[in-house]
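Number of protein chains: 2
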Amino acid sequence: MAKIPDATITRLVHYLRALERMEKAGQLRTSSDELARASGVTAFQVRKDLAYFGSYGTRGVGYTVPVLRRELAQILGLGRRWRLAIVGMGRLGQALADFYALSESYELVAGFDVSPEVIGRQVGPFTVEPVEKLPQIVPESHVEIGILTVPEAAAQQAAEALVAAGVRGILNFTPAILKLPEQVAIENADFMAGLSRLSFFMLNPRWREEMMG
Amino acid sequence: MAKIPDATITRLVHYLRALERMEKAGQLRTSSDELARASGVTAFQVRKDLAYFGSYGTRGVGYTVPVLRRELAQILGLGRRWRLAIVGMGRLGQALADFYALSESYELVAGFDVSPEVIGRQVGPFTVEPVEKLPQIVPESHVEIGILTVPEAAAQQAAEALVAAGVRGILNFTPAILKLPEQVAIENADFMAGLSRLSFFMLNPRWREEMMG
Numbered sequence: 001m002a003k004i005p006d007a008t009i010t011r012l013v014h015y016l017r018a019l020e021r022m023e024k025a026g027q028l029r030t031s032s033d034e035l036a037r038a039s040g041v042t043a044f045q046v047r048k049d050l051a052y053f054g055s056y057g058t059r060g061v062g063y064t065v066p067v068l069r070r071e072l073a074q075i076l077g078l079g080r081r082w083r084l085a086i087v088g089m090g091r092l093g094q095a096l097a098d099f100y101a102l103s104e105s106y107e108l109v110a111g112f113d114v115s116p117e118v119i120g121r122q123v124g125p126f127t128v129e130p131v132e133k134l135p136q137i138v139p140e141s142h143v144e145i146g147i148l149t150v151p152e153a154a155a156q157q158a159a160e161a162l163v164a165a166g167v168r169g170i171l172n173f174t175p176a177i178l179k180l181p182e183q184v185a186i187e188n189a190d191f192m193a194g195l196s197r198l199s200f201f202m203l204n205p206r207w208r209e210e211m212m213g
Numbered sequence: 214m215a216k217i218p219d220a221t222i223t224r225l226v227h228y229l230r231a232l233e234r235m236e237k238a239g240q241l242r243t244s245s246d247e248l249a250r251a252s253g254v255t256a257f258q259v260r261k262d263l264a265y266f267g268s269y270g271t272r273g274v275g276y277t278v279p280v281l282r283r284e285l286a287q288i289l290g291l292g293r294r295w296r297l298a299i300v301g302m303g304r305l306g307q308a309l310a311d312f313y314a315l316s317e318s319y320e321l322v323a324g325f326d327v328s329p330e331v332i333g334r335q336v337g338p339f340t341v342e343p344v345e346k347l348p349q350i351v352p353e354s355h356v357e358i359g360i361l362t363v364p365e366a367a368a369q370q371a372a373e374a375l376v377a378a379g380v381r382g383i384l385n386f387t388p389a390i391l392k393l394p395e396q397v398a399i400e401n402a403d404f405m406a407g408l409s410r411l412s413f414f415m416l417n418p419r420w421r422e423e424m425m426g
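Heads up: the sequence lines are chains L and Y, in that order.
So the first sequence is residues 1 to 213, counted in our numbering.
So the second sequence is residues 214 to 426, counted in our numbering.
One chain only, chain L, in its complex shape (with noise of 0.2 angstroms):
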């Protein structure tokens, strides 16, 4: 299997939410040009990202959408339910729940917090839980993906009870350089890493040019 950058996963899921704007808009065939302009990339960059995975186009008649669609969906996990639960539901965490709510894919079942201001209130379907009911609720609930909104101070903990309860990949908002079996999956979402590389970019514009894909 060749090495895949990245950027190549995150531009899946831009091509993955234009095709399925197109297949609600009834239509049938895409190419390359198409799924560039509307991810804002080149169709070189698109074909190269898609050639990872296997060969999906045909030359002169390019993609079928729902086919592509469904393909990439797979490809990204998405052909299923997964079950989330958030530690740490203060303002972020709460702000994710609305969000999660949206999401087809992703089934928020559970939220966890400290502080005796939060704990018991009702979000969604779920009632915020304190977070010493934790190692129960999580294999409960079936929980798979932990999304850590706690102070970076709490982060690590708060991710190792996530691991000892079963989850297998943790969506990290915090600073904190966590720490875990090389079996869990961790994507980073930090606000301040992505205001340094906006700032970076923004005094090295040539720089991001000459940026890998």
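Don't read these hints as lab results, they were simulated from the structure.
Just so you know, these numbers come straight off a predicted model, no measurement behind them.
Take the hints with a grain of salt, since some may be wrong.
[What the hints assert, rightly or not] Covered stretches of chain L (chain Y as the covering partner; in silico rule of three or more C-beta atoms under 8 angstroms from a C-beta of chain Y): (1) 28-40; (2) 178-184.
[As the list claims (entries may be wrong)] Simulated pairs of lysine-lysine, PhoX-like, Cα-Cα distance not exceeding 25 angstroms: (3) L:K179 / Y:K261; (4) L:K24 / Y:K392; (5) L:K48 / Y:K392; (6) Y:K346 / Y:K392; (7) L:K179 / L:K133; (8) L:K179 / Y:K346.
[Unchecked claim] Short, incomplete list of chain L residues facing chain Y, as computed with Cβ under 7 angstroms: (9) H14; (10) W82; (11) F99; (12) S199.
Each residue gets a CB set at the ideal place from its N, CA and C atoms; glycine is no exception.
Here the structure of chain L is known, so what remains is to put chain Y in place on it, guided by the hints.
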């Protein structure tokens, strides 16, 4: 100038955090091994990442903590304060405002919304203003970076308003693919894309190991 992988910039942020902790603790020297352990990568990766920006270490001696810390901060544009505005002061916008209030390098100076429930609310040092006032307030407040936390359907228009008002960088929390002039830097901090990458890696652990730096 060599091509710099996007992931390198993210790792520079992590190295910088480790160096800040060391400097606060009064530590004068460090090694690529120590930086690697603190950042969850290999020492080879640390040396490779730093090599893009010139050689800062001395073989057998390592790095001088305050020097490397200052250099990395400079590279990432953190040697100064950036002025931010948030468009979309719902729960997510307010959570981000809490977050950026703690930062030394980023100063949140304005927030905008369309909802009468939010407009007029005091958030830290400023009052949430109606989005109609954006074209006036953004230049007056010397805003350089805009943070987009509006619904997807409003994202492109809000981004264009920011750019028209002089903003050169946008941190986009919406799933919209923004179409903006080339000289505007865009960072996407899309929660759904983060989850999709996570579920991809959980389904394809072997590919994760083979990911490019």
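How the hints compare with the structure:
no.	hint	in the structure
1	28-40	holds (count 3)
2	178-184	holds (count 3)
3	L:K179 / Y:K261	22 angstroms, holds
4	L:K24 / Y:K392	22 angstroms, holds
5	L:K48 / Y:K392	22 angstroms, holds
6	Y:K346 / Y:K392	23 angstroms, holds
7	L:K179 / L:K133	23 angstroms, holds
8	L:K179 / Y:K346	45 angstroms, violated
9	H14	6 angstroms, holds
10	W82	6 angstroms, holds
11	F99	6 angstroms, holds
12	S199	3 angstroms, holds
Of the numbered hints given earlier, the model fails hint 8 alone.
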